[in-house]
Every structure is written in C-alpha cells, then in structure tokens.
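S.K.: Each chain is listed here by its residues.
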Amino acid sequence: MAEYSLLSLARNALSGNRDWKPAWRKPEPKPQYDVIIVSGGGHGLSTAYYLAKEHGITNVAVIEKGWLGSGNVGRNTTIVRSNYLLPDNVRFYEHSMKLWENLSHDLNYNVMFSQRGILNLAHTPGQMDEFARRGNAMRHEGVDAELIVGAEAVQKLVPGLDTSRSARFPIVGGLLQPRAGTARHDAVAWGYARAADRRGVDIVENCEVTGFLREGDRIVGVATTRGEIRARKVAIAVAGSTGRVMKLAGIDRLPIESHLLQAFVSEALKPVLHTVLTFGAGHLYASQSDKGGLVFGGDIDGYNSYAQRGHLPVVEDVASEFVAMFPGFSRVRLLRSWGGIMDMSMDGSPIIAAGPLPGMFLNCGWCYGGFKATPASGWCFAWTIAREEPHPLNAAFTLDRFQRGILIDEKGQGATPRLH
Amino acid sequence: MLIACPHCGPRDLAEFTYQGDANRTRPDPASADAAAWEAYVYDRVNTAGRHREYWQHAGGCRAHLIVERDTLSHEIFAVTMARTKREPAR
Chain Y
94 MAEYSLLSLA RNALSGNRDW KPAWRKPEPK PQYDVIIVSG GGHGLSTAYY
144 LAKEHGITNV AVIEKGWLGS GNVGRNTTIV RSNYLLPDNV RFYEHSMKLW
194 ENLSHDLNYN VMFSQRGILN LAHTPGQMDE FARRGNAMRH EGVDAELIVG
244 AEAVQKLVPG LDTSRSARFP IVGGLLQPRA GTARHDAVAW GYARAADRRG
294 VDIVENCEVT GFLREGDRIV GVATTRGEIR ARKVAIAVAG STGRVMKLAG
344 IDRLPIESHL LQAFVSEALK PVLHTVLTFG AGHLYASQSD KGGLVFGGDI
394 DGYNSYAQRG HLPVVEDVAS EFVAMFPGFS RVRLLRSWGG IMDMSMDGSP
444 IIAAGPLPGM FLNCGWCYGG FKATPASGWC FAWTIAREEP HPLNAAFTLD
494 RFQRGILIDE KGQGATPRLH
Chain W
5 MLIACPHCGP RDLAEFTYQG DANRTRPDPA SADAAAWEAY VYDRVNTAGR
55 HREYWQHAGG CRAHLIVERD TLSHEIFAVT MARTKREPAR
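Residue numbers (the numbering used here), protein chains in the order written: chain Y, 94 to 513; chain W, 5 to 94.
Don't read these hints as lab results, they were simulated from the structure. Predicted, not measured: the structure shown is a model, and the values here were computed from it. Possibly wrong hints are sitting among the right ones.
If you want the ones that stay clear, here's a sample from chain Y, every Cβ over 10 Å from chain W, calculated [to be verified]:
1. Tyr97
2. Leu102
3. Lys123
4. Ser163
5. Gly167
6. Met205
7. Glu239
8. Asp255
9. Glu298
10. Glu301
11. Thr303
12. Asp345
13. Leu347
14. Val358
15. Ala361
16. Ala400
Where chain W lies over chain Y, by a calculated footprint (3+ residues, C-beta under 8 Å) [what the hints assert, rightly or not]:
17. 348 to 356
18. 392 to 399
19. 495 to 509
Glycine included, C-beta positions come from ideal geometry on N, C-alpha and C.
Turn these sequences into a full structure, and let the hints steer you where they fit.
M.R.: Set out below in structure tokens:
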C-alpha cells in the first residue's frame with residue numbers, strides 16, 4: 094500500500110502522528126556500490142530514482158556534501174515549462190513535462206505541481222512574429238501553445254497587469270503554454286529522495302567528495318570526508334560546482350562558467366497572479382506561490398561567481414521591471430532574496446553524457462533552467478549510466494558538440510554564457 | 005563592487021562590461037588547429053577563487069582590462085591593461 098493515502102493519514106492522525114517513518118534512512122556509506130551519484134540535488138536524486146525504477150540498479154549511493162536539497166533545487170523560482178524552439182530542446186523538456194504531470198502519483202509524494210500556464214509577454218510586433226514561430230515549432234512537436242493577440246486578450250488572462258497604451262512598454266500580446274506551471278521545489282527533492290530510498294538507494298548526507306579514485310585512466314570511486322567509496326560508475330550532477338568537482342578529477346577546463354542567479358519573494362498577498370508571467374521588454378519571470386508571495390527572478394549577475402549571494406543592481410533591475418508591468422505592486426515589500434550558482438554552458442543547453450573519463454558520467458550545463466528538467470534529466474542520465482549510451486532524447490546533449498560544431502543555441506547568443 | 009581602472013580610478017561595476025575568462029590564448033589567426041580554436045572559444049577554467057578575467061570600462065575610458073578577482077569573495081587583487089597580458093596562469 095502507498096505510504097501516503099487517506100487511510101494512512103487518518104490512522105496516523107488518530108495515533109498523534111508519532112508512527113511515521115523518516116522519509117529516508119541515514120545509512121553509513123558502504124565500501125562498494127554499482128553506481129555513485131555526486132550529489133544529492135534534484136538531478137542527482139531523480140537519477141538515483143530512475144536508475145532503481147527503470148533499470149533495476151539499486152546498489153546506488155547518492156553522496157551529498159551538505160544536507161539534501163541544499164543547493165539549487167531549493168533555490169529556484171519553481172517554474173516548469175517546455176516552450177522551447179529547437180527540436181532537441183522541445184522534445185527533451187516535453188518529456189520532462191509528461192513526467193511532471195504524473196510525478197506526485199509516481200512518487201506517492203505531493204510535489205504540488207500546478208499547471209497554471211506560462212504567459213510570455215510581447216511588446217513589439219517583431220516579438221509577436223518570434224512567438225508565432227516558437228509556438229508553431231512547439232505545436233509541430235505536439236506541445237501546447239497559444240498565441241494571445243492584443244492587449245485586451247492579455248488583460249482577460251492577467252487582470253492586474255498594466256495593458257494600457259501608456260504603459261512604459263505597451264503590451265501587444267503573448268505566447269501561452271497552458272500546461273506549464275510551478276511545483277513545490279523542496280517536495281521534489283524530498284519525494285525523489287524517499288522514493289529512491291525505498292527502492293534501496295543509500296543517500297549519504299554530510300559527505301563531501303575530496304577526490305577521485307583511479308585505476309589507470311579509469312575512475313573507480315571517490316575519496317570523501319567519510320572515507321573511500323568505490324563504484325564501477327561515478328556520475329556527476331553538481332550544477333554550479335561542476336568546475337570545482339571536475340578539477341578534482343584533473344579536468345581543468347570545460348565549456349562551463351559558474352554564474353550567480355538571484356531569486357526573490359515578496360510578502361504574501363491575496364491571490365492576484367494566477368499564471369507564470371514573463372516580461373518581454375527586459376528579463377523577469379514571476380508567479381505567485383500558494384502561500385501568497387510573489388516569487389520572481391531576472392538576469393544572472395553577469396560575471397563568474399561562486400558566492401551564493403547576489404549584488405544590488407539586479408535587485409533594482411527586477412523590481413523596476415515588475416513595477417513597469419504592475420504599477421499596483423510598487424509598495425509591495427520584498428521579503429527575502431537569495432542566490433544560487435548556475436552552471437552556464439557555452440550554448441545555453443545542457444550536457445548529459447558518458448565521460449569525459451572512463452567510468453565517469455557527466456550531467457551539467459543547466460544554465461538557469463535546471464529545475465523544470467529535473468525529471469527528464471534524471472531519466473535520461475539514468476538511461477545513459479545504465480546502458481552506457483545516450484537515449485535519443487539526450488543524444489544531442491554531448492560534451493563534444495562544441496568541438497564538432499553541433500551547438501544547440503536556443504537564443505543564438507554564441508559562446509557568451511552571461512547572455513544565455 | 006568597485007573596479008579600479010588604471011586610467012579613471014575606482015569606478016562602479018555598472019560602468020564595466022564583463023568579457024570572461026582571461027586564461028585563454030588566441031591561436032595564431034592563420035592557424036587551422038581545430039582543437040586550439042575550440043579550446044580558445046569554448047573552454048574555461050571556471051575557478052572558484054582567484055580568477056583572471058577581461059572587463060571593458062565601456063562606460064568610461066573604454067579600455068580593455070584584466071582583473072584578478074576572487075570569485076568567492078569578489079575581492080579584487082589587481083587591475084592591469086589587457087594589452088600587457090602575461091602568460092595564462094591556472
């Protein structure tokens with residue numbers, strides 16, 4: 094029987110909620126595993142879950158430096174969407190969307206996935222043309238997309254928005270993906286952790302990787318602050334720390350730069366914004382959490398950073414953009430802001446591949462779109478690890494595409510990570 | 005963050021444009037070595053700690069600079085003109 098059900102909730106309520114099992118064990122690391130996953134963020138945990146569920150590989154350890162979900166899985170703005178232009182991206186993210194749609198049921202854990210839609214605002218006829226092209230590309234791949242034409246139609250969808258001609262950047266329409274939405278990001282980490290744990294995966298927290306064990310060229314395990322752990326396969330999914338961790342393996346240079354992205358939440362308001370909304374005359378994405386806070390973010394700070402805290406120009410930038418859209422929010426107070434380290438790749442697309450050393454598998458380059466990819470990233474990475482070959486969905490996300498000139502540059506910005 | 009431009013003195017971050025990793029060497033323009041060009045265009049050291057990087061004082065004297073900065077604390081150790089670039093350091 095499922096652990097969380099109406100019956101189990103009622104039974105535990107009657108017994109004072111004293112009999113719940115911890116959501117995951119705290120095992121001591123074993124000396125040997127089939128697969129080690131570094132580390133316990135969203136992508137690492139989903140990889141462990143799909144290795145166990147889809148490929149029957151349960152002798153797996155997830156090695157986490159801090160506590161589970163302490164990195165970007167708990168720092169993002171929780172947006173889930175698949176409104177991409179390029180075929181490789183739209184197929185991959187749509188696979189993720191389909192996994193999201195069944196995730197709470199699959200994990201028996203409520204990830205509060207809310208398909209409230211995402212509306213990208215257009216402020217110029219040129220943007221409308223671009224949105225029509227992207228919407229058509231999405232529909233061609235079977236993804237839902239609707240072109241919203243005219244400020245009146247936008248006004249009906251988002252009543253609080255300034256859709257007048259006197260707005261700083263008058264709105265002319267938008268692109269809507271109705272199936273997009275948000276999810277409770279911590280619950281995603283906890284749900285995957287519990288589901289992987291119940292299938293036998295060891296989740297080892299407070300265990301930092303300090304080096305790699307080698308036999309010749311081959312990676313055969315990791316040295317950690319809790320001793321050496323060996324495995325036939327070592328998988329790396331450490332997002333913004335990719336540069337640091339790969340240096341431990343002697344890989345000094347990668348097509349990745351670590352940058353800082355901030356996120357913000359306001360004080361709680363009554364329901365006022367019921368879709369995810371993006372501003373088209375700058376860079377801002379916003380939604381309202383179930384608790385009522387406006388959750389939003391914008392550009393990365395713009396230079397290499399591992400600081401996990403942001404600078405003030407971006408705060409001013411996002412606040413002014415938000416108020417340009419919603420003059421009525423000008424006196425809403427900011428409650429919190431925080432930062433996370435993004436693994437910005439040179440073409441804005443991720444890397445999910447075997448290598449670059451024998452026995453090693455690499456998952457990185459999520460820029461700042463990693464959260465929505467959590468299910469598909471783990472699903473494809475697990476496939477790649479188990480079968481030692483990529484699934485067609487991640488076959489294009491190789492590390493050597495930069496050498497071979499087969500880039501997947503959604504925005505056409507070239508090798509300038511701060512612009513992706 | 006303040007960057008001390010050698011011409012203009014300490015100026016606010018907003019006056020500068022970031023141009024990335026300065027630990028790269030541009031191959032000879034006549035070179036047809038694909039691996040060297042690939043490394044120059046795409047590969048980065050991405051250091052956590054002291055990092056040499058290009059900035060341009062775009063809102064000031066427009067000089068191209070090499071800044072040595074700690075990517076963990078944002079402390080700046082040295083600002084030099086890009087034309088006096090030394091051999092790349094790790």
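S.K.: Looking at the structure, which of the earlier hints fail to hold?
M.R.: Checked against the structure, the hints that fail are numbers 12, 13, 16, while the rest are satisfied.
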